[in-house]
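Student: All chains should be modelled from the sequences, with the hints used to inform the complete structure.
Each chain is listed here by its residues.
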Amino acid sequence: MMTGSARTRAARIAAPIGATAALLGTLTGCSTATADAEVPVDASYRDGTFQANGTYESPNGSENIIVALTLENDVVTDVQITTNPNNPTTANYQGQFADGIGELVIGEDIDTLNVTVVAGSSLTSNGFRAALTAIKADAVES
Amino acid sequence: MRATAFDAIGVPWHIGVGGASTPTASRGEALTNDDRAAVLARIDQFDRDWSRFRDDSLVSRISREPGSWRLPADADTLLALYEQLHALTDARLSPLVGASLERLGYDAAYRLTPVGDPLPAPRWTDAIALRREPGGLMLDTVAPVLLDVGAAGKGYLVDLVGDLLAARGVTETLVDASGDLRVRGGRSIRVALENPADPTKAVGVADLHNAALCGSAPNRRTWGEGLHHIIDAVTGRPVADGVIATWVIAESALVADGLATAVFLVDPARLSGKFAFEWVRLSIDGRLEASAGFQGELFA
Chain A
1 MMTGSARTRA ARIAAPIGAT AALLGTLTGC STATADAEVP VDASYRDGTF QANGTYESPN
61 GSENIIVALT LENDVVTDVQ ITTNPNNPTT ANYQGQFADG IGELVIGEDI DTLNVTVVAG
121 SSLTSNGFRA ALTAIKADAV ES
Chain B
143 MRATAFDAIG VPWHIGVGGA STPTASRGEA LTNDDRAAVL ARIDQFDRDW SRFRDDSLVS
203 RISREPGSWR LPADADTLLA LYEQLHALTD ARLSPLVGAS LERLGYDAAY RLTPVGDPLP
263 APRWTDAIAL RREPGGLMLD TVAPVLLDVG AAGKGYLVDL VGDLLAARGV TETLVDASGD
323 LRVRGGRSIR VALENPADPT KAVGVADLHN AALCGSAPNR RTWGEGLHHI IDAVTGRPVA
383 DGVIATWVIA ESALVADGLA TAVFLVDPAR LSGKFAFEWV RLSIDGRLEA SAGFQGELFA
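Protein sequences, first through last, are from chains A and B.
At position 10 of the first sequence (counting the first as 1) the number is 10 in our numbering, and the numbers step up by one without a gap.
At position 168 of the second sequence (counting the first as 1) the number is 310 in our numbering, and the numbers step up by one without a gap.
For the record, the hints were derived by calculation from the structure and aren't laboratory data.
A hint or two may mislead.
To give a feel for the contact side, a few chain A residues facing chain B, derived at Cβ under 10 Å [to be verified]:
id, residue
1, G107
2, E108
3, D109
4, I110
5, D111
6, L113
7, V115
8, T116
9, V117
10, A119
11, G120
Beyond 12 Å from chain B on every Cβ pair, some chain A residues (computed) [to be verified]:
id, residue
12, R46
13, D47
14, G48
15, T49
16, Q51
17, L71
Quick reminder that beta carbons are idealized off the backbone N, C-alpha and C, glycines included.
Tutor: And the structure:
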């Protein structure tokens with residue numbers, strides 16, 4: 001088992017989720033909510049720690065990843081990622097993935113830079129996104 | 143007037159016209175309707191020749207039966223770069239990874255589910271031979287082969303579109319095919335290098351004048367854990383050595399695009415003897431590296 005931790009803001013990780021439903025066909029979540037539930041980006045969430053399981057198919061078979069988020073006043077104050085690899089190749093990929101979440105929050109806000117264009121775009125790994133989407137649906141205040 | 147915008151080959155494009163007085167934050171002015179139509183026709187022609195995602199393309203026909211195929215006039219420059227990069231990467235970069243990508247699920251139907259073990263690409267000399275004839279480049283195959291020019295094709299198309307506009311008298315242009323871009327003329331532009339883990343952040347800014355910049359990041363097209371489009375042709379597996387994004391600046395977008403993939407596969411020093419380019423590389427552990435001559439800022 002490997003665990004990674006990160007601190008980030010809810011708005012930042014919430015933004016890409018809406019556009020990812022098309023890629024989630026092979027994924028299931030153990031949460032009661034479905035993985036592709038629609039949640040408004042500006043929704044309000046209950047405080048607490050929420051956990052969800054993302055499952056995906058790798059060339060080596062079914063693998064899963066567990067994401068736990070702690071929310072306080074609609075801000076993510078902690079992210080715990082637990083990987084449960086079934087084989088060494090997956091362990092390698094998942095290790096890189098889990099390690100990467102916390103450390104990659106570097107750089108400067110693009111909005112504050114005087115630039116002509118932006119090079120690159122962002123998609124988060126499917127397992128992570130599926131789990132995160134389930135968490136959002138779980139935690140949203142009805 | 144705002145820059146021309148359209149979707150083509152699966153991504154948004156922006157083309158702006160303007161010289162040295164264009165504000166940094168502006169891509170430039172829109173194309174005329176005639177120029178826009180000519181650009182779209184050129185892109186469509188490229189797609190009909192090289193796309194493995196459409197059934198009627200030349201590449202799809204080559205994938206169905208062996209034979210001798212007359213390649214389009216733009217093929218020589220593109221495949222010459224592939225020949226060079228193939229040699230410099232010990233065959234790890236190859237245009238023959240189409241079947242490897244399909245095996246991993248990145249096929250024309252976007253199944254996005256692997257259908258068996260990774261499939262190494264066929265060896266270049268076994269699978270294809272190029273003949274340069276007076277009438278153009280010929281491709282000989284002894285078995286069906288699925289070409290994939292994804293490593294350099296989009297950058298090359300950026301060049302071809304800029305060439306077309308220059309031939310029509312529009313010489314000061316910014317052609318941006320979603321992160322693969324080239325600027326010509328008197329102006330300088332600033333390009334934010336987007337953090338692949340956080341699209342609101344830039345890890346740096348590149349200053350560009352009469353040059354091309356292309357980026358490559360596995361997570362721009364990821365369809366499963368460890369499954370992405372940057373393939374080591376020798377193993378048929380996606381590369382997984384800790385580099386998560388690269389940007390390359392070169393004179394042409396063809397070279398910048400090809401090298402942005404090549405630096406995932408080999409050390410940039412290996413390539414610097416053959417090509418004039420600058421590079422930036424971001425690793426999974428947050429390490430940001432750049433070549434000595436990189437012009438711009440890094441926010442590591």
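Student: Does each hint hold? Answer for all of them.
Tutor: Here is how each hint holds up against the structure:
{"no.": "1", "hint": "G107", "verdict": "3 Å, holds"}
{"no.": "2", "hint": "E108", "verdict": "5 Å, holds"}
{"no.": "3", "hint": "D109", "verdict": "6 Å, holds"}
{"no.": "4", "hint": "I110", "verdict": "5 Å, holds"}
{"no.": "5", "hint": "D111", "verdict": "7 Å, holds"}
{"no.": "6", "hint": "L113", "verdict": "6 Å, holds"}
{"no.": "7", "hint": "V115", "verdict": "4 Å, holds"}
{"no.": "8", "hint": "T116", "verdict": "4 Å, holds"}
{"no.": "9", "hint": "V117", "verdict": "5 Å, holds"}
{"no.": "10", "hint": "A119", "verdict": "4 Å, holds"}
{"no.": "11", "hint": "G120", "verdict": "3 Å, holds"}
{"no.": "12", "hint": "R46", "verdict": "25 Å, holds"}
{"no.": "13", "hint": "D47", "verdict": "24 Å, holds"}
{"no.": "14", "hint": "G48", "verdict": "24 Å, holds"}
{"no.": "15", "hint": "T49", "verdict": "22 Å, holds"}
{"no.": "16", "hint": "Q51", "verdict": "19 Å, holds"}
{"no.": "17", "hint": "L71", "verdict": "19 Å, holds"}
The earlier numbered hints are all upheld by this structure, with none contradicted.
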